[in-house]
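Here the protein sequences come in this chain order: A and B. As numbered in the working numbering, the first sequence has no gaps in its residue numbers, which increase by one up to the final residue, 403. As numbered in the working numbering, the second sequence has no gaps in its residue numbers, which increase by one up to the final residue, 1071.
Wrong hints could be hidden among the right ones.
The following label-pair restraints were derived from C-beta to C-beta distances [to be verified]:
| id | chain 1 | residue 1 | chain 2 | residue 2 | range |
| --- | --- | --- | --- | --- | --- |
| 1 | A | M277 | B | L1050 | 14 to 24 Å |
| 2 | B | R1008 | A | G382 | 54 to 64 Å |
| 3 | B | D1014 | A | E117 | 29 to 39 Å |
| 4 | B | L1050 | A | A372 | 43 to 53 Å |
With a Cα cut of at most 30 Å, we get these calculated DSSO-like pairs of lysine-lysine [to be verified]:
| id | chain 1 | residue 1 | chain 2 | residue 2 |
| --- | --- | --- | --- | --- |
| 5 | A | K333 | B | K1055 |
| 6 | B | K1005 | A | K333 |
| 7 | A | K311 | A | K45 |
| 8 | B | K1005 | B | K1053 |
| 9 | A | K299 | A | K81 |
| 10 | A | K102 | A | K45 |
Every beta carbon over 10 Å from chain A, so not counted as near; a handful from chain B, in silico [said to hold, decoys possible]:
| id | residue |
| --- | --- |
| 11 | H1019 |
| 12 | R1021 |
| 13 | L1056 |
These aren't lab readings, by the way, just hints derived from the structure by calculation. Glycine included, every Cβ here is placed at the ideal spot set by N, Cα and C.
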Amino acid sequence: MSSSTRHPPVEDWATDFDHRDPAWVENPFPIWDELRGRCPVAHSKRFEDGAYFASRYAEVREIAYDAEHFSSRRVIVREKKVPTQPAPPITSDPPEHTPARKLLLPAFAPQAIALLEPRARALCRELLDAIGSARTCDAAADYAQHIPVRLIAHMLGVPEDDGDLFRRWIHLVLEVGNSDETVILPALQEMSAYFIAEIRKRGQQREKGMRGDDLISFLLDAKMEGQPLSDPHLLGTLRLLLIAGIDTTWSGIGASLWHLATHPEDRRRLVAEPALMPTAIEEFLRAYAPVTMAREVVKETSVGGCPFKEKGQVLLSFPAANRDPAVFADADKVHIDRAENRHAAFGLGRHRCIGSNLARLEMTVAIEEWLARFPEFRLVDGARVTWSEGTVRGPRRLPVALK
Amino acid sequence: MAPTKVLRVRVESDRCQGHNRCCSIAPELFEADELGNAHARGDGMVPPALEAKAKLAVANCPEHAVRLTHE
Chain A
1 MSSSTRHPPV EDWATDFDHR DPAWVENPFP IWDELRGRCP VAHSKRFEDG
51 AYFASRYAEV REIAYDAEHF SSRRVIVREK KVPTQPAPPI TSDPPEHTPA
101 RKLLLPAFAP QAIALLEPRA RALCRELLDA IGSARTCDAA ADYAQHIPVR
151 LIAHMLGVPE DDGDLFRRWI HLVLEVGNSD ETVILPALQE MSAYFIAEIR
201 KRGQQREKGM RGDDLISFLL DAKMEGQPLS DPHLLGTLRL LLIAGIDTTW
251 SGIGASLWHL ATHPEDRRRL VAEPALMPTA IEEFLRAYAP VTMAREVVKE
301 TSVGGCPFKE KGQVLLSFPA ANRDPAVFAD ADKVHIDRAE NRHAAFGLGR
351 HRCIGSNLAR LEMTVAIEEW LARFPEFRLV DGARVTWSEG TVRGPRRLPV
401 ALK
Chain B
1001 MAPTKVLRVR VESDRCQGHN RCCSIAPELF EADELGNAHA RGDGMVPPAL
1051 EAKAKLAVAN CPEHAVRLTH E
């Protein structure tokens, strides 16, 4: 079934928005521009208990900072609500949030992530070697998608070849599940079973005196307020680490390559001036921020002069905030040398993406290695680029011609 | 005679969420702790050669946690 048959076409974005609509999936930016001008908080009855969408930076920031009225217990807007599935700390509110986050932070701090650079660079080169001297390839499917899968597998200490399994679970939870909630629970159960088997393996290795330095072992040893993590907490966090780190960064790398394939002046400049890489990566993160989060209204309030009713779902669009002309000059243009860029691609407030240092490393290394191998590339003539549906946006098919 | 102006950077720890933008832009002035949260190196004094970087660190902090003061 195509999206257009699953969801009736949107007549008015302010009162009936649908982020699964083909027009939104293909190119959401004009829709957000329109909403910012005439209705900064849109509403839609297509989602259980109604959904809200804020398109301006100010309201997005206010909601992100306000845990009293906006709970993180639902982080994905769905047509039908499913029973909440705790995945601490992303689904945690204060006061439980702080210790659940703190125990993970050291594993994702800049100094810890920097140690992964050699592995990241080597795996990018392996993927480029596999593309070899082909005249065309799919930069999303053949390159971008494999990088975060392999690096997170490396960090978790599980086989990199299990990547197909991970991608299927993510597709079910983050894309199919937005409209068909029946697929979500079985996928989460499969993930839990996978991690239970990995935990058992580590138990057996420990009996033989072997201790890994992978993330699963790290979490098995982690203490929260002096106690080991409960099984549901441990499994929830492991599912989170797997889900959150893969198609998000895949999307970031893919969108950056899409930009460079379609903007030859930026591509040539970045090749000629590699010192621009840090500002270019931040600008790609701003302009093509992949991740939209969600909240649930737990106490009636108003933001931006608009009422938010209890139980309503909130689409918390950091990507739309990043395109707000009130905060960013030339918000709709990509400037790879933009020096002042207070973007919110990794969120704002206590739920700042814990993997942001990892995502930046992967994006930087992926683009550097690609440009070193293929300084000249463009979209294949007449080929169709497809973008993911749901709350993580990035190209899923990106056919490019290589020189 | 006007007193010599001293520039200092400071990170408000209750606002910092560990985005790490200041440390990336001006590693001479900021460093991260083991949780990834930032603080100013040493006494936070900004030599004239690093004034532009200090201003960029302020302008890029998503949480408005970096402060630049003139003493």
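Hints, verified against the model:
Checked against the hint of 14 to 24 Å, the C-beta distance between M277(A) and L1050(B) comes to roughly 21 Å, which is consistent with it. The hinted range of 54 to 64 Å is satisfied by R1008(B) and G382(A), whose Cβ atoms lie roughly 58 Å apart. Checked against the hint of 29 to 39 Å, the pair D1014(B) and E117(A) passes, with Cβ atoms roughly 31 Å apart. For the pair L1050(B) and A372(A), the supplied restraint of 43 to 53 Å is violated, since their beta-carbon distance comes to about 31 Å.
Between K333(A) and K1055(B) the CA atoms are separated by roughly 23 Å; this keeps the pair inside 30 Å, and the hint holds. Our distance criterion of 30 Å between C-alpha atoms is broken by K1005(B) and K333(A), whose separation comes to about 38 Å. With a CA separation close to 13 Å, the supplied pair K311(A) and K45(A) stays within the 30 Å bound. Using a Cα cut-off of 30 Å, the hinted pair K1005(B) and K1053(B) holds, with the two alpha carbons roughly 17 Å apart.
A hinted pair counts as satisfied when its Cα atoms are at most 30 Å apart, and K299(A) with K81(A) qualifies at roughly 18 Å. Between K102(A) and K45(A) the CA atoms are separated by roughly 37 Å; this puts the pair beyond 30 Å, and the hint is violated. Listed as a non-interface residue, H1019(B) fails to keep its Cβ farther than 10 Å from every Cβ of chain A; the least gap is roughly 6 Å. The non-interface label for R1021(B) is inconsistent with chain A: the shortest C-beta to C-beta separation is roughly 8 Å, within 10 Å.
The non-interface label for L1056(B) is inconsistent with chain A: the shortest C-beta to C-beta separation is roughly 6 Å, within 10 Å.
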